[in-house]
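Trainee: Keeping their order, the protein sequence lines are chains B and L.
In terms of our numbering, the first sequence opens at residue 1 and continues consecutively.
In terms of our numbering, the second sequence opens at residue 1 and continues consecutively.
Quick caveat, the hints were computed from the structure, so don't treat them as lab data.
Cβ-Cβ distance ranges computed for the label pairs, FRET-style:
hint, chain 1, residue 1, chain 2, residue 2, range
1, B, G496, L, G52, 25 to 33 Å
2, L, V58, B, L499, 26 to 34 Å
3, L, S75, B, A215, 26 to 34 Å
No residue lacks a Cβ here, since even glycine has one placed at the ideal position from N, Cα and C.
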Amino acid sequence: MSGYGHHGGSYLESKGSFWTNVVDWATTVDHKKIGVMYLFAIMTMFFFGGMAAIAVRLELLEPVRPIQDAAGAIVGVKGQLFGSSDAVSLEAGNNMYNVLFTLHGAIMVFMVIVPSVPASIGNFVLPLMLGAKDVAFPKLNLLSWYIYVVGSIFAVCSIILGGVDTGWTFYTPYSSSSWLGQPKVVLMVLAAFILGFSSILTGLNFVVTVHKLRAPGMGWFDMPLFVWGIYSSAIIQVLATPVIGITLLLLAFERFTRIGIFDPALGGDPVLFQHFFWFYSHPVVYVMILPGMAIISELIGVHAHKKIFGYKAVAFASLGIAGVSFIVWGHHMFTSMSETASMIFSGLTFLVAIPTAVKVFNWIATLYKGSISINAPMLYALIFLFTFSIGGLTGLPLGTLSTDLHLHDTYFVVAHFHYVMMGGTIMAIIGGIHHWWPKMFGKTYNEKQAMIAAVIVFIGFNVTFFTQFFMGTRGMPRRYASYVDEMQIWHHISTGGSLILLVGFLWHLFVLVQSLVAGRKAEKNPWGGLTLEWLADSPPEEHNFPHEPLVTHGPYDYESAVPYHWDPKDYPVPAENLKAAGAH
Amino acid sequence: MHTPSDMTPLFSLADGFWTRTWLRHPASTEVGRETDFMFIWLWWFCVIWFVGLMILMVIFVIKYRRKPGTIAPPSSSHNTPLEIVWTVIPSLFLVWIFFKGFYGYIDKIVAPGHAIDMNLTAFKWGWQINYPNGSETPTTGRVGFREIPVFYMPAKTPVRLKMQSKDVLHAFWVPDFRIKQDVVPNRLMTVWFEADGPNEKTTTRHEVVSKDSPEGKKRPDLVALSGAAYTEHLVFCAEYCGTEHSEMAAFIRVVEPSVYEAWHTAIGTPSDPIELGKRLFKTKCASCHTDDGSSSTGPTWKDLYGKTETLKDGSQVLVDDAYILESIFEPGAKIVKGYEKQNMTSFRGLLNPSQVQGILEYMKSISVHAPKSETPTQ
Ligand code: HEM
Ligand SMILES: [Cu+2]
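Extracted from the complex, chain L is given alone in its bound form:
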């Protein structure tokens, strides 16, 4: 792709005094810098037209001010060629601006096929991201007085957020990436970005946390980040959403892909399997199952483990590890009475053994029928 920032300094519209004045600094994504180029180009376009018009206006006002006892010299009050010219020339510019803006927009909207998917939930008043392995970020940062989540993201890797809102309209805006997308309840909206890596100018480093320190034992994620460089970007809610609209912020911290991988693995494996199961439930299963006894597309998990279910053919089955494993990997094998019309998709290949174990432990933890002795305690 054509990078405006590596053009000659004379035409360097996207990285100079005006970029710094208008936009703080060049965008932290490639497509964002395309926008910067467009914005600064438009800035000069507007300046030239505006200054030109104002100079004419001032000259005319001074030169043709009313002089007592004299009258305005006759002059024509229309001039067709002139009027055609000043209609057509701006129109041509506008056509160019439109296309340039449209292409920049498409680059921002269409995510590359190999982008990593993450689920983002917007709610009054905060953001939550569920990473591919189902976990959430354990880190928070501060803006003003507020604790806001810190989302770690891999550098130089396209990331696509699948966004949902729990209540009203919100909008996901990362000023440094120049992207914004409304989050509309009951719809899946997506946004994507590929952030620059942390570099000399923009970087801060994490504190060093060793694996054996008391802190490191509790927080493997901090060990993964130990000493790693990061670049920080603010996330704002841009669509008015009520009382704490202005507090609805988050941080994105961009780290090298290898650091991100280590961090992702670290947050994905909480030492407590119940915790892991609970996270997986929320991200992968909660769209059809509940964990509080209420009804939904599929049977509730509350008090399910250890119960005897009636199947659609009238036979009965005990809900134990084997039955649950079968339900996860081959959902069609046994259908519970009352759920004949629904079919669940198989999770074969989508869950690793420790994740399956986590789900089992979580189910046990919320069932009165489960044998108590087997529930591990932390």
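Okay, chain B solo, but in the shape it has when bound:
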């Protein structure tokens, strides 16, 4: 292949003046640069979404209520974001809360979790793992980044115009009738629509890349499990996202033309919207989690120096989850569907729990007789096993019909999906960022500080969200700006936890910034991994490898293969392996 053969400089190398570099990055088709740009874009959105979350939690310290004087006249409002104030009416207080939780949800789902792992780490690592020079369609890849930015700008415009209060689920007829004549709801809907395209293009790119660009010698079952996970989720992205695109367009169309599609006042059907919405949004929760699981498979394999237990079961579980995820959407609608439909969807929902459970068993079995090193990435893998298991198990009372009638639309659901999405995907991506950080930026970070931050995040997360399980079962509906007095103590604990979380994240940020500024040069293969990205330089050169790599061993053959750039002091390998591998 052309392009190989000359030993280029690092992809991060400066191309000249500041503006030359800006233009270079803005027009790059290098998957690594695009991955890094995505990482920064997504972390920025994560910051905004996080601020909205903290605002929500602070507002919930007190229920939104009027303060009355002795005569009963309203003299102020409590439960406001910035303490009591008499300038803001009760209505404004409630509305502010509704806008904040919608913002938080929409940003975190559409701009953070859905693109997070594939677009950032996936973009960077996937071609390297396959031994490819780039993704299959590099220009499309850049386009998808710009589409992401345009989508985010639409969302920001909507926020500047006052923000929307529809919830991230945009349920009709509320969403098709609130603030008619104002563009902000349509702007937010279009933002989600546009972001969908970015997601489709990335997914398409990855599917083709995996099919076409594997290095010589790499069969399907020689692929790292990270690739399997990204591949499965890419399939869902391509197949499910168009449905939400059409649905959101119909919603915008209904708002403009007032032709009834979803709004019963116009002759439409709101439950139809729910079917359309969840037909996308349930599969998409697996777009969120499969790449997270994919990272975990890598972290556990590499840091336990052990072949993943039941490699094929894990790979097929990914595909199985992707397949079943398309037929369980109705479990979000048990309170608005017929009995028969509810029964069918409940049964199917339990089907998806099985491959999920199998994966967890496999990861834990991989630890057995491993050689486990505990560092920030591995700590995150263990945290993931803890939090994600809670998230998955609490899916059971939600999938069970009788209990879901009690739990639906309460804080129990809120806690469940934070345990799977934040405790799953976010924990996985932080672990992944630390795992591939030396590869991405060629710098080491302070391992001990990163682990301290991980522990803070772990504690903060559980304090924040475990509390919410109790709130839900004890009678706290979700999306409430106000609540009965006996709930206040739970809200206080939860808000306290969220502040601990904030400290943990800032601590991480500090460690990573410090690494960029003052980190030592990283080794090529700091963890002794066997997958191809560890063959490349840290950071990789512009075309990834000096020559096309040849795959001679499986991704986790720690018992028979020698890690690239192996340092015998750190990772002893049996002498016969060395001989067999012809001494690297």
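On the provided structure of chain B, position chain L with the ligands as indicated by the hints.
Mentor: Chain L with the ligands in isolation, oriented as in the chain B frame:
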């Protein structure tokens, strides 16, 4: 039905420390306690799996931590029998959970045939119930700063709510009953419950109001409730519906059936017949008639009384008491021109004489043709 709460203490999954921690207290309905049992069962199921997995994880991490200068001992990386076992065993549990959950659900969804029907309307942002006799509850309670309606319900009697929404989606949730049902505009949704009676532990008593006190004269409903025990349950809206979503609450107060009967009769007979007629109009007639002159399936009641109507055969008739009575009990006898295609159902046997009188008085009160002297004033 099999009651989990009367099982031996060891297996008492539905009434113990964990029920109180998770669910505040056992549910106040029989089917709700079935749910409690299921939830607490699932809680222990999850605890066992989770703790088991975490113990293994921690043991492995400690035991097999990396030791400098040594390598991991070889071990197999798959084990087909083990993998089959850990796929099949959870699957069997899941099948059981599914069926158990489904049966509990059916019990919650299918109302017994003899349930009392009431109409519930959900709107931004509140609830309204029209009792079988057409009246609404006159009582309100407070949560936080808000006045919310108090709905009286008979204990140990199945009640079915036929729910409609006036605007957007709402959901009717009574945490203590463990039931929830979305209320979708343009659809009739139903939910039912059979609440436990007020008992020693959960009960409060109403103030005593005597029939002859000034308050008792004004509020016969308070007299009916005088001194009676009740158990109170909160109702929430669980489907996001906008600005005051979190204020959309109500109370259900469960009283003994005899107290409920007395209360129901008391609210059903307002001393003012116009008021009674207006309520009946809203609950029974407003689906086809209007009282403001706008058109609908049937003729409007505005300015109807005392008017001369043209019938479909071209003859004319004066709208008086006799004509109205005939229209209520034998709607097909005279058809007004323009309404040939509609047919109204007869209300024979569904209205008692004072209710009919109420309807007549209400019609008179909204018609300019009605003789003024006959309109009673309060
Ligand atoms: C064992 C696996 C799982 C089961 C059985 C399960 C089951 C359920 C059920 C039944 C609901 C609906 C609850 C309700 O609204 O009443 C739900 C909600 C949800 N689940 Fe899961 N779930 C599982 C795993 C996951 C995973 C892996 C994710 C994502 C990473 C996820 C994300 C969500 C989200 C986002 C919602 C709520 C969306 C909303 O209403 O805003 N779940 N889950
Ligand atoms: Cu789902």
